[in-house]
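Sequence order for the protein chains is A and B. Here this note's numbering is used: position 77 in the first sequence is 77, and no number is missing along the way. Here this note's numbering is used: position 121 in the second sequence is 121, and no number is missing along the way.
In short, the hints are calculated from the structure, not lab data. Check before you lean on any hint, since a few could be wrong.
Pairs involving identical chains hold if they fit within one copy or between any two copies, as the list cannot separate such chains.
As the list claims (entries may be wrong) - Pairs of lysine-lysine, DSS-like flavour, derived with a Cα cap of 30 angstroms:
hint, residue 1, residue 2
1, 107, 90
2, 107, 60
3, 90, 60
4, 107, 28
5, 28, 60
6, 28, 79
7, 28, 89
8, 160, 90
Small disclaimer: the values here were computed from a predicted structure and weren't measured.
There are 2 protein chains.
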Amino acid sequence: MIKAALSVLLVLVAMSSTFGKNTLKSGKRIPQTLSRGWGDQLIWAQTYEEALYWSRSRNKPLMVIFHLEDCPHSLALKKIFSEDNEIQKKIDDDFIVLNLMYETTDKHLSPDGQYVPRILFVDPTMTVRADINGRYMNRLYAYEPADVKLLKLNMDKAKKLLKSEL
Amino acid sequence: MIKAALSVLLVLVAMSSTFGKNTLKSGKRIPQTLSRGWGDQLIWAQTYEEALYWSRSRNKPLMVIFHLEDCPHSLALKKIFSEDNEIQKKIDDDFIVLNLMYETTDKHLSPDGQYVPRILFVDPTMTVRADINGRYMNRLYAYEPADVKLLKLNMDKAKKLLKSEL
Chain A
1 MIKAALSVLL VLVAMSSTFG KNTLKSGKRI PQTLSRGWGD QLIWAQTYEE ALYWSRSRNK
61 PLMVIFHLED CPHSLALKKI FSEDNEIQKK IDDDFIVLNL MYETTDKHLS PDGQYVPRIL
121 FVDPTMTVRA DINGRYMNRL YAYEPADVKL LKLNMDKAKK LLKSEL
Chain B
1 MIKAALSVLL VLVAMSSTFG KNTLKSGKRI PQTLSRGWGD QLIWAQTYEE ALYWSRSRNK
61 PLMVIFHLED CPHSLALKKI FSEDNEIQKK IDDDFIVLNL MYETTDKHLS PDGQYVPRIL
121 FVDPTMTVRA DINGRYMNRL YAYEPADVKL LKLNMDKAKK LLKSEL
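Just need the whole structure built from these sequences, with the hints factored in.
Here is the structure:
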């Protein structure tokens, strides 16, 4: 037997989760989707490792959305995000996308702490784009529904890959 | 900008994947499910971190299934697995469950290499149960459809938590 080397658990944002909530009254459960309502028509990576692999092999920037299903700010952003055809099309054409309710072991994905909702971009060179942020100084990677325009500008920024800056 | 510290990519089993295959002829995509056909009625963890968190907080063993959607051995096992009511009920009652198509950063989940399909159990103490294995000496954690009975016995073994051995 081997001891799993994971201090991960200690830094989990996790807390209150939606585990077990997807039960219908009839007792039949609705299968969980990978999109979790952020865009059913998009192709979602399941894990960060998978997302990085696809970002690198397809040379597309990765967008990581951290959220919680019982956080009103996450839900408000999700509604705007999933209904915005321009965002959805941009992602489908040019991004690898991943939504997470649990933190990963990579601390670079929480440059100024773990909170939701927050959106981080990762370049195909596997560099977290900490330079691409929203408008809140105390939570650099937070977006509110009113920030959709800024989010789109930031997506365009992320599309300019680091290699092309050389 | 911060460099993501991930040598992970080098050890990815990944290879040929199903990325982009879930497109219908009409152009409308079927939303991806977390179950990936291994049991739509079960509640699946999305990531290893999430699964460990639930295993610990609910004091239930974790079952991790590594598979690929274009691997005939994975598909054969999936069919038996998803149609076996006893297995599905056992999981729903007593296990946390996770299916992965990409390797994690935890090498303890590949005690004798990375191959699919393979099934590993993890105790709520976060100990990978390398002692619970199938019948193939060259691939200790592989199961074939004919091994369903052994898999059930192994699930019962995993249910005897390590703490209770003390």
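For each hint, the structure was consulted:
1. 107 <-> 90: So residue 107 and residue 90 pass the 30 angstroms test inside one copy only (27 angstroms; across, 36 angstroms).
2. 107 <-> 60: both (22 angstroms within a copy, 28 angstroms between copies)
3. 90 <-> 60: Within one copy only: 11 angstroms inside, 41 angstroms across.
4. 107 <-> 28: Neither: 38 angstroms inside a copy, 36 angstroms across copies.
5. 28 <-> 60: Between copies, since 23 angstroms is at most 30 angstroms while 38 angstroms is not.
6. 28 <-> 79: Close inside one copy (26 angstroms) and across copies (20 angstroms); limit 30 angstroms.
7. 28 <-> 89: This pair counts as between: shortest inter-copy Cα distance 13 angstroms, intra-copy 33 angstroms.
8. 160 <-> 90: within (13 angstroms within a copy, 49 angstroms between copies)
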